[in-house]
Amino acid sequence: MLGSFWRDKRGISEVIASLILILVVSAAGVILYTYSLNTFSSTGSSFQLRTGLREEQARERLVITAVWWDTSDLLNVTVLNYGKIDLVIDTVYIDGTRVSEYSDGRGEVVRTGELISVKFTSPVPIEDEQTYEIIVVSERGSKNVVYWEV
Amino acid sequence: MWFIGKFSRDERGIGSLVGAAFLILILLSGFAFYMLSVNVTDEYRESLETMDQLDLKRKQEKLEFVSVTTTDEDKLNITVENTGPYQTHLIWLGVFDETSSPTTQNYSQLNRYINPVETETGIGSTEMDDEIVEGHQYTIQLITDLGNIVVYSYPPEEEEEESWVPPPEYFGVFSLDWFYFEYTSSLHPEPIHAGNISKRDESYVAFHIRVANNWNQSVTILGRSMMRFMVEVHGQAEPVFYIVKSVRYNGSPQISAYNDADPITVEPQESENLTFAAMEAYSNGWKWVSGRTVFPVETPETAIVMIGLVFTIGGSPEVQAQSLPFRAIFLDE
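Protein chains in written order, with the working numbering: chain A, 3 to 152; chain B, 3 to 335.
I should point out that these hints are in silico values taken from the structure, not numbers from a laboratory. One or more hints might be untrue.
Once the Cα atoms are required to be at most 27 Å apart in a straight line, the calculated BS3-like pairs of lysine-lysine come out as [as the list claims (entries may be wrong)]:
{"id": "1", "chain 1": "B", "residue 1": "K61", "chain 2": "A", "residue 2": "K86"}
{"id": "2", "chain 1": "B", "residue 1": "K64", "chain 2": "A", "residue 2": "K86"}
{"id": "3", "chain 1": "B", "residue 1": "K59", "chain 2": "A", "residue 2": "K145"}
{"id": "4", "chain 1": "A", "residue 1": "K121", "chain 2": "A", "residue 2": "K145"}
{"id": "5", "chain 1": "A", "residue 1": "K86", "chain 2": "A", "residue 2": "K145"}
{"id": "6", "chain 1": "B", "residue 1": "K64", "chain 2": "A", "residue 2": "K145"}
Listed next, the stretches of chain B that the computed footprint assigns to chain A, with coverage defined by at least 3 CB atoms under 8 Å from CB atoms of chain A [what the hints assert, rightly or not]:
{"id": "7", "stretch": "15 to 22"}
{"id": "8", "stretch": "27 to 40"}
{"id": "9", "stretch": "44 to 53"}
{"id": "10", "stretch": "88 to 96"}
{"id": "11", "stretch": "102 to 114"}
For every residue, glycine included, the Cβ atom is placed at its ideal position computed from N, Cα and C.
Assemble the whole structure, with the sequences as input and the hints as a guide.
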């Protein structure tokens, strides 16, 4: 059977051979193109996303304008958004300790040029004539630090 | 027909064409990715430049309070001058009442533009909701759209004078803890004149006081300090005594003196014993003053004593003085 195959000088027609060749090349081209398209697309999306986040963070500006204390442990930090983009206050730290109890202001959208009061219970006891480091951090990671003297 | 004929004649061409088409597609995809990354990077760079310019403008923005008064409706009437190079846009006015406990913090929205070198007046007169209470101390904030905050205390706190100010609880730096004088004489059991005390006498008279430094800095008492001793009987005696290191009898009365180069430093809240004696300088040292009456033969009941302390404060070269007047009572032993 195999010997007759090699001895048989009649092969498959040139047309079929060409079609097979075209099919192989096309399939290889499609696979390569799809792979490259996926690679470029995912890399491009990832790059666009990362750069977009960095750009948004770069356009973000916030400043603490006032700190109010009710003489117990309740604090009210007023923050101004003076950047070019809306922001959301995510976290407040007092002397390096993260605030866990918020009563107002956290998670709210602060439009550019607007003030927001973030009210919370201080995680550290507040004492007269002491200085505390207050850090306000936005969802995009921008922060502002103030040293508040009671 | 020609194409088909050609096509049919060149079997290898179609594969190359298909391969080349896919290669071009892949290259186009890569180019599209490149263009996308260039655009995104450009946008990011433009944003960074914009924000850098914003930060630069923010640093250069300058606003100064010219005056702060109140209107008839007890609203603030703030006048500010833009001393920076750019137009300023005021967006918030903060008024904090520092007198109330806890303090109250109120913000009012503003929308005022001030060009460079221009002065804007009447800020707060129409925007404020609350009234200013007379006698309360306020902190006023003006906030610009660039995030700068200008603060003013209203009413303005009086500036402290740099000159020396005496502590409020005392009339001067020193207070007198006690005063007494001692007199010894084996030859003169009765009160004597200072001039009668000689080197050969076993007698001397010395006045001892103890003063406390009630100031918050060290005080250096100079040797030119002195004491006047005014006896009221017959109004005849008003001797002057000088500050000395010690008066003692060791075969003969001896005085060792202070001078300005050998001062006495008293630290804050500490006390120092001082001795005064009737003395004067002479070529070989110090001797008793002659002809000065310590007190009259008739011992009085009281005397007016005026201690004049000359000193410097905290290492300052400026010389200060304080008198410590009091009435002394002679006690029987």
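Cross-check of the supplied hints:
1. B:K61 / A:K86: holds (17 Å)
2. B:K64 / A:K86: holds (21 Å)
3. B:K59 / A:K145: OK: K59 (chain B) and K145 (chain A) at ~20 Å, within 27 Å.
4. A:K121 / A:K145: holds (17 Å)
5. A:K86 / A:K145: holds (15 Å)
6. B:K64 / A:K145: Holds - the C-alpha atoms of K145 (chain A) and K64 (chain B) are around 24 Å apart, at most 27 Å.
7. 15 to 22: With 4 residues close enough to chain A, the hint holds.
8. 27 to 40: holds (count 8)
9. 44 to 53: Three-residue rule met by the stretch 44 to 53 of chain B, so holds; n is 6.
10. 88 to 96: holds (count 3)
11. 102 to 114: holds (count 5)
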